[in-house]
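Enquirer: Sequence:
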Amino acid sequence: MGISRCVRFLIVGVVFLGCFAKNPPFEWPDSSKHWRVLVNVNQYIESRPREWFSQDRLVTDLTVVNVTPGTEGLAVERYKRVRNLLQSRGMYVGTYVSGTTIGPEADQTVYPPSAVTLERMPDSAHYVGSWPGQPDRRIIDVADAPTRQALQAGIKQLWERVPAPIRFVDNAAAHQSTGGKQPWTAYCKNMEEIRKMAESLGSRVIFNISMHTGVLSDEETRQLIQAVGRDNGIALEMPWAPAIRRSKEATAIAKMRYRELLDNGLVVIMIPFETPAEQLAAWVRTWRKSTDHIYLSGIFWKPPETVYTLQ
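Take the sequence shown: its letters are residues 1 to 311, numbered as in this note's numbering.
Simulated from the structure, these hints should not be mistaken for laboratory data. Any given hint could turn out to be false.
To be verified - Result set (DSS-like, lysine-lysine): computed pairs, CA atoms no more than 27 Å apart in a straight line:
{"#": "1", "residue 1": "K189", "residue 2": "K156"}
{"#": "2", "residue 1": "K156", "residue 2": "K80"}
{"#": "3", "residue 1": "K255", "residue 2": "K181"}
{"#": "4", "residue 1": "K302", "residue 2": "K33"}
{"#": "5", "residue 1": "K255", "residue 2": "K289"}
{"#": "6", "residue 1": "K156", "residue 2": "K181"}
{"#": "7", "residue 1": "K248", "residue 2": "K289"}
{"#": "8", "residue 1": "K189", "residue 2": "K255"}
{"#": "9", "residue 1": "K33", "residue 2": "K255"}
{"#": "10", "residue 1": "K196", "residue 2": "K156"}
{"#": "11", "residue 1": "K181", "residue 2": "K196"}
{"#": "12", "residue 1": "K33", "residue 2": "K289"}
{"#": "13", "residue 1": "K302", "residue 2": "K80"}
Modelling step: build the complete structure from the supplied sequences, incorporating the hints.
Expert: Structure representation (structure tokens):
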């Protein structure tokens with residue numbers, strides 16, 4: 001009987017858990033100076049000029065892509081080499097995992113694995129549908145506690161195999177304002193449980209959430225703060241979306257909510273997707289405090305922008 005890819009990853013991965021360059025205890029970088037964080041990084045960062053990253057201190061997630069059957073060992077070795085390279089430059093390096101979706105083991109083409117496998121989940125697990133365009137990638141029912149806990153157990157196994165100071169949890173929640181179909185309370189319950197699990201393993205966590213901060217209610221904001229917890233973060237692809245930006249009222253609410261999140265010790269990473277980075281940075285400077293841990297995301301495969309800062 002053939003050995004599964006996940007088991008092969010485990011076998012080759014265990015041998016190097018103690019081989020990473022040592023970093024001091026994790027601290028969120030001073031965003032007045034190190035305002036950019038690198039999101040969705042892969043092994044090809046090692047071919048980019050070192051000077052591009054002289055001000056960077058945080059890589060939310062690093063993966064080796066295009067892993068094929070039979071190359072798992074090479075992928076593990078390359079991951080180790082690139083992660084050690086980044087850590088030797090003073091960067092903290094995190095891992096990626098999906099917080100609400102699972103897929104077939106045969107579809108795993110990255111290292112470390114990016115999701116719990118379908119085969120790992122019990123037959124009794126509840127799902128609410130599939131990812132658009134990916135029928136085999138299923139979305140769990142976050143309101144169903146046994147399903148949620150089975151997913152979390154799978155995530156814990158992945159995390160135990162690859163220790164890291166930061167865990168980037170994608171697809172963590174989707175607010176109804178951006179098309180979310182599941183209860184916000186259930187999303188927050190799942191995030192809180194994942195966050196506590198990460199903390200038990202000595203890691204901080206960043207939840208990638210689809211939401212418009214300018215429409216959150218008082219109760220939804222309270223639930224989010226409780227779920228994420230102090231010194232953990234959220235990453236937002238729509239931090240100041242055009243619809244919010246065009247409304248003075250919605251923009252004022254967004255500013256108020258960001259201040260609530262930050263003043264309660266949460267970390268905020270803004271991804272300049274729909275809003276140009278320079279506009280986003282200029283707006284943030286109007287209400288940011290020097291003690292805030294708020295950052296803009298950057299990409300690793302082109303030179304960093306130098307025309308704007310959060311200072």
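Enquirer: Against the structure, test the hints numbered earlier, and report the numbers of the ones violated in rising order.
Expert: none
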